[in-house]
Structure formats: structure tokens, C-alpha cells
Amino acid sequence: MRSVASCHGEASAVTGWPRGLRVALVGAPNVGKSALFNRLTGRYVTVSNYPGTSVEIARGAGTFGGVAGEVLDTPGLYSLLATSDDERVAQRLLLDGTADVVVHVVDAKNLPRMLALTLQLLELGRPLVIALNMMDEAERLGLRLFPGELARRLGVPVVPVVAVTGWGIAELRSAILHACTSPVPLPPVYGNGVGTALGRLRGRLAGVYPVDPAAFAALLLQGDANAQAAVRRHERDGGRWAIAAARDLASGFDAPAPYRVAVERQRAVEVLLDRVLLASPPRSRAYERRLLDWLGRALGRPAVGVPALAVVLYVGLYLFVGRFGGGTLVDWLEHVAFDRWISPFFERLVAGLPSDAMRALFVGEYGLLTLGLRYAVGIILPIVGAFFLFFAVLEDSGYLPRIALLVDRVFKRLGLSGRAVIPMVLGFACDTMATMVTRTLETRRERVLATLLLALAIPCSAQLGVILALMAGQPLVLGVWIAAVVGTFVLVGAVGARVLPGAPPLFHMELPPLRVPRAGNVLVKTYTRMQWYFLEVLPLFLLASILLWIADQTGMLAAAVAGVEPAVAALGLPADAARIFLFGFFRRDYGAAGLYDLNHQGLLDPVQLAVAGVTLTLFVPCIAQFLMMMKERGAKTALAMLAFITPFAFGVGFLVNIVLRWLR
Amino acid sequence: MIARRVVCGLCALEFLEDMGQPVCRACPLAGICHNVRCPNCGYENALPPAWLARLAGRFSP
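Each protein sequence line maps, in turn, to chains G and E.
Taking the numbering used here, the leading residue of the first sequence gets 1, the next gets one more, and so forth.
Taking the numbering used here, the leading residue of the second sequence gets 1, the next gets one more, and so forth.
Note that these hints are calculated values from the structure, not bench results.
Computed from a prediction, not measured in an experiment: that's the story for all the values here.
Keep in mind that a hint or two might mislead.
Claimed, not checked - A few chain G residues that face chain E, going by a derived Cβ cut-off under 7 Å, partial list only: (1) Arg297; (2) Arg301; (3) Glu395; (4) Leu400.
Don't be surprised by glycine CBs; every beta carbon is placed ideally from N, CA and C.
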């Protein structure tokens, strides 16, 4: 027989929650949970760490049919069997019985993948409401959903909503309030021995639990450490019998218990879905969709994905960014726009200035116009523009996460964490920002390793673009550069993963459907990024020119260059190359532009180009990235990395020089 | 005003533009920047000015 929910038993009437109705939003990542949270709460939101963790929980005030309450936005959760810190926090919040009502936010487009968690939430025996979000997109995809039938089968309210527009929110508020005074849902029943095992284990739990012991029994059977700890606390005998019984029952399965339980849950989901979900995509689009779905799956598999990635990188990076952006566009801007029009115009403009030093500030070797503006507009902007266009195509097509998935597999073979893929991919756009993103990694080991690899072997977009542009006509030089940088990445990554202790965590990433990129989206994204980049880079390039001009006028630049020259000479590079290493520390792209200039003046032979390219890529990160490293990893670790990277970069450059000269 | 929906280009998380990571508020370019950082993976998604998005929408099929 079903009991009636009392919502903590604090009151029988709907107005009787002294601390307000507490509603927890639960669901997998990417289901629009936070959008729904914003809809249900006001502007004032408190974000605090969950006790004892660094995981943030957002809380906001909301009203439900006139009853004041608090809404908790929990971290994304795929299953109650938690595998990450975020999931453990959501699990604890649910098992503690903190919420009066649990709202499971479900992506209506992906219902079959969502309902396994619904079944686990039913096991909690708490008032539950299903918010069927993104109904508009599900309908656009041709999916026909029957929420009433699903509600009847689950025994809980199912409310279709579109969180971003607010459609269905009023009904959801009402359902949340009524869930509190409705019968508590029954836990699901599973077949093939799992249901029997859970029933037996449930019978062993005699303690008083904040939620239905059925939830603890299911987790105990799957060997969950948090559930074991809770059972030890709540059982009189310290949970010894129950934990031993769980082990016995689990050992009776022909496969690991978490797998058996997951399989039975999915079977139960399939039964549930009958007459609840019908798919009828429009016929005209069905063939295209099938083809893209097949391609989307194939691109995530190494056999197809790796060669496809090689082709994409060759066409996109080498031909388009390197040859077209770095060759055709830069040549035109440099030789036509700057040499014929812009530079002569400014030279005439400042010709009347009283001193050589003043004229040098604008049109000298380190002048604002001849160096700062020319580097920013004539060299970097066309290259990063081409890069951003290529990147926008990858992004809008949904291919980017598939690259991350492929790289994830390589990372795991190196002994690195799959989750570290995200900052590594971001590093190809901007290493400074990617260093900040390493904070999302779970363990210190991963954070340190990812920070080191970003500083050492991941070139930023501008640096990568310039190097590709420089080496586009010289495949052998490019091959040496790729081998040296990839080799360094693999070597340092593999050694680092072994030196730094710790187990790699699991990695989850949603794969959106592959689609044909839309020209409007691609152009808008490219324009937006170029605008942002230009606004950031131009002032810094101009500032760098002023600083270099001051250093040049005071003789400090000559002294600094003289200090770097011995190291540069050891690499077999001309003395002028010392400047680009100083530029590179100011900003990676500034150094890359300097390298471009040096090569353009015919000062580098192919071996010197390879050596300079490799050393500059591996050389210390720019000031902004170094400051971010200090902020994120602490001064001691950042300085230790700097102490390692500087001699290592020059060492690799030295080796490349020796090997190439010998081979020549 | 309803915040625009953003689908992260990297992890596919769907979020509202005003839910981007608060770290961006400290950036000196925050006032003029049109990127919004995904609250899940930190990826910088380009969010065009409203007028440009409308213009692009007009020419999209």
C-alpha cells in the first residue's frame, strides 16, 4: 500500500513548511537543468560549496502555488552510482533526504537514455516530478511523446516544459506542490534475479534511513562506498550483515553487479517506453539524418575517425589556415596594404616630428605603426581569422566533441585522464584560458600535468597559424616540427603520468548530432571571435611596441638581447632571433609574428626555421599564461615548471639542430 | 528579457547566456566581449551581438 508524502512530516497542510518547500532539480548534464532553475527562481541566487567539497550548489527562492520554497540546482548526475565529485555531491544530497520534492529534469529528445535515472529516483521513495524539458526540439525532430501515459506507468507527475521559453513552468510549479501531498511512488521491480537480490537486501536493512532503504540496497549491491558508509552509520551492527549479504548476492551474478543492475534497468526502461515514445522524422530529411548519424558515429571510432581527422587537419589547418591565411592573405596585407598605402601614409604624417626618437616611436624598428599595428593587422589577424573560420565550421558541425573523443582514447593510452581533453583542445585557441579551465579537472595530478603540457607543447591559435604559414611550403620542416612537438607531448605526458601518482577518472561527454554547418552561424561566430581577438590583441601589441621602444632607447633591449644571444647561438640561429624569444615571452603570437618577420627577411635557412619553430613552440609560455599558472597552481609549481620548460625547450631545439645538420 | 539559449560547441551543454562562468566578470574585456564560457566545460562560445544574430537568422534556411 502506498503511503502519503508528508514532505519531512513537518506539516500536513500546504502552507505548513516552516523553512519553505525544498525542491531539488536533478538530471544528467546538458538537459537544461540550470535553465529550469533560472525559470523557477528569481534573480537572487546563492552559490555555495556543498559542505566538505569544492562542488558548487546554486540555491534560489521560488514559490509553488503560493508556498514559498527553495530550489537547489544539483550537479549533473548520470546515475545514483556516482563516479565523480560532482555526482557524489548530487548523490549525497538525494540520499540525505534534503529535498522535499525531487524534480527529475529530462531531455525529451533523449528519453530512452534518461529514464534509467528516473527509476533510481523512484527507489528513493520521495515525492518525485518529471520535467520533460526541450519538448519543442523533440517535436521538431519528429518525436511523438505521450507524457500522460508515462505518468500513468511511473505513478508520478510528468510535466512537459520548455525551460528557455517558460512554457509549462506554471504547470510544473503546481505539480511540485501537489507531489508533496500525493502517494509516494513505488520503487520499480526488476527481473532476472536483480529484483530478488534487491528485495532480500532491502529486508536486511532495519535501521532508520532518511530515504527508502531500497535506494541504499541498490547501491550496496553495486558496491557503492558512500552507501556502505551510510549503512554502517544507520545499522545497529555497523552494517556488517547487510554489506556481507550484498557481496554474497553480487557474487551470485554472472557479470559484475553494476552491469547486471544497469541491464535490468534498461530493460525496464524499454518496457516503459512502449506507447510513450513514437519517432516519425519527416521523410524528406530522413535520409540526410541517417547519413549524418552514421557519419557521426563513425567519426568517433579510431578506424574512420583518425584518417578523417588527418584529412580535416590537412585541408583546414595546412591548406586553408597555413597557405591561404598565412600565405595569400598575409602577403597581400603586408606587400600591398602596408607597404604601398598604410606605412607610407603614416611615414609622411610623422615626418614633421621634431626628433628621431619620436619618429621611431611611430615608424621605427619597434614603432607603434610599423611593428605593433603591422603585427596585429598584417600578420596575426588574417591568420587567426582563417583559423577562427575553420574552427567555427568544426564547432557548428558538431565535429569538435568527436575530436575530443578520439584524443581521449589516445590520452588514456598515454596514461592521462580523458577529462584533460577539454583544456587541451581549448589550448589550441588560447593557452591562458585553457590553463584556467584545468581547474575543472578532478585531481591535482591531472591539473598539474595538464598545466605543464599546455605550457610546453600546445601552441595557441595564432602561434599555430603562423608556424603553419611559415612551413606551408616546406613539408619536411613541418614534419620535423610536428614530430618534435608531438614527441615532446607524448614523452612528457607519459613520464609525467607515471611520476605523478593517481588513477585516471572516468570521462563523460555528450555527443551532439553531426550536422551540416550553417553559413550564417559560421560567419557570425568567426566575426565575433575576430572582433574579440582584435580588441584584445591590438592594445597589447601597441603596448609591447611602446615597451620595446623604451627598452631600445634606453639600451635595455640590447642588454636583454645580448643575454639571450649565447643560447640562440647554441641553437645555430642568427643573433636577430634573440629578439623573437623576448617577444614570445611577452605574447606567444607576438613572438610568432617576429619569427614570421625574420623568415620573411630571408634570415633563416630551413634547418634554422625548424629549430626556431620547435624552440619557440616549446619555450616558456607568454606572460599572461605564466601569471595564470601562478594563480591556478601556485607560485612554487609555476616556477618549477618554468625551470623545467626553459632548458628543456632549448635542449630539444639544440638536439633538432644537431640531428638536422648531421643529416644534411 | 529572455536570455538566449547557447549550445556549447564542445560539450553540447545547453545553457542560457547569463549562466556563463562568473570568472569572466573579472576580465577587463568583459564589457565588450561576446564570448560566453560554458558552465560545464569552460569552453568559450562565441555569442554574437543580438543584431548580428538576427541578421544571420534572416539569411539562414
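Here's how the hints hold up against the structure:
no. : hint   : in the structure
1   : Arg297 : 15 Å, violated
2   : Arg301 : 19 Å, violated
3   : Glu395 : 4 Å, holds
4   : Leu400 : 5 Å, holds
Checked against the numbered hints above, the structure violates hints 1, 2; every other hint is satisfied.
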